[in-house]
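Student: Listed below, chain by chain, are the residues.
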Amino acid sequence: MNTFDPFENERIRREWIAQEKSCRDDDDAHDSRTLKYRLISRMLRDPPLDPIPFKFAAQTAARAELAAELENDTLERWLERGLLGALAVVGCISLLYFGGNWLGGLDSLRSTGVQAFEPFRVWSIVAAGCVFFSKLVGNLFSGKGVSMRR
Amino acid sequence: MYSKEASSGDDDRTLVDRVLRRAPGAFEALVRQYQGLCWHIINRMVRNPDDTRELCQETFLRVHLRLHQYRFESALKTWIAQVAYSITLRHLERKRIPIVEPDNIEMHDDLLCDAGDDFDLEAASADEELAAALRRELEKLPTVQRTILTLYHLDELTIPEIADITSLAAGTIKSHLFRGRARLRAKMEALLGEIA
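Sequences listed follow chains A and B, in order.
Letter 62 of the first sequence, counting from 1, is numbered 62 in my numbering, and no numbers are missing.
Letter 61 of the second sequence, counting from 1, is numbered 211 in my numbering, and no numbers are missing.
Hints were generated in silico from the structure; no laboratory data involved.
Predicted model only: the values in this text are computed from it and were never measured.
Some hints here could point you the wrong way.
To be verified - With a cut-off of at most 30 Å between alpha-carbon atoms, the simulated DSBU-like pairs for lysine-lysine come out as follows:
id	chain 1	residue 1	chain 2	residue 2
1	B	Lys337	A	Lys21
2	B	Lys290	B	Lys245
3	B	Lys337	A	Lys55
4	B	Lys290	A	Lys21
5	B	Lys337	B	Lys290
6	B	Lys227	A	Lys21
7	B	Lys290	B	Lys227
8	B	Lys245	B	Lys227
9	B	Lys227	A	Lys55
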């Protein structure tokens, strides 16, 4: 679209001035050109438009607030999953690096004369760890996590 | 001296702060304040009440989502109107509805018929048939031209404000205003000639 300079063409300039003067109803112009544009200006101030629905503002605000709440809810769940996932990873790494020391600690228990119960103790610890880890992973994938809502 | 613009800017800041703090009723107040402007822009472009309602809601949902990004570089009404305009433009583009006609500078002179004598404004204002015919002619104008005429005359926005909303140059806005109004006057001349 070309830039429009109403003053380039004298005829267009006169027409533009008449159009702009017509916007002011208090102007005392009497030429028919300006008066016709005044009628057009009045019509343009009252165009055929569909009315705004009743309670549009209230309904729109409610919809916006619900959308915002849903977005925050999703964010909270993902943060919970991320945190629990991080804890699980740290737990596994700890087990890998320090598990040997823990078993060594269990060995010292054996030396004090509880040898008979040693395998039971070791496997109990392993079993408890497996159950805990399974429940944790199950909760993560089901989306329950740890609820912090009131 | 406290200018009207400064007062309006402070009102915008207060309203935006209240909405961002999630004050009860704040966003509804914002919607109520600007729903008229949005509705005019969108309804003028799509001319369908159901589409207008949906697009208007979409506009305010987008405003609610992105209000924290608003930096007060323009008036709040201009920012909201820009969102409304761009959402509606995308809607029309998806539906492949044309929004401008090719510019033809010669058309300006074709529209400039002689004004004639003795026009009775009050009698013409009362002429329902003439008013209806002009409204029909307004509906036939290209989408952008029709929208700009509404923003200028009904919503009383300035040419720079309309340029910000539509991302069109000020000269282009003037051209649309000129051509649209000249076309309506040419139609009026033809109708008055028929009536006489």
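Student: Confirm or reject each hint.
Tutor: Now for the hints, and whether the structure bears them out:
As the CA atoms of Lys337/B and Lys21/A are separated by approximately 20 Å, the hinted pair is consistent with the 30 Å bound. Distance hint between Lys290/B and Lys245/B is fulfilled; the C-alpha atoms sit about 18 Å from each other, no more than 30 Å. Restraint check: the Cα-Cα separation between Lys337/B and Lys55/A comes to about 38 Å, which exceeds 30 Å; the hinted pair is violated. Between Lys290/B and Lys21/A, the direct Cα distance comes to roughly 25 Å. Compliance with the 30 Å bound is thereby established for this hinted pair.
Among the hinted pairs, Lys337/B with Lys290/B is consistent with the structure: their alpha-carbon atoms are about 11 Å apart, no more than 30 Å. Restraint check for Lys227/B and Lys21/A: the C-alpha separation of about 26 Å stays at or below 30 Å, so the hint holds. Taking the CA atoms of Lys290/B and Lys227/B, the gap is about 28 Å. The hint holds against a cut of 30 Å. This hinted pair checks out: Lys245/B and Lys227/B have alpha carbons roughly 27 Å apart, not beyond 30 Å.
Straight-line distance between C-alpha atoms of Lys227/B and Lys55/A comes to about 21 Å, which keeps the hinted pair within the 30 Å bound.
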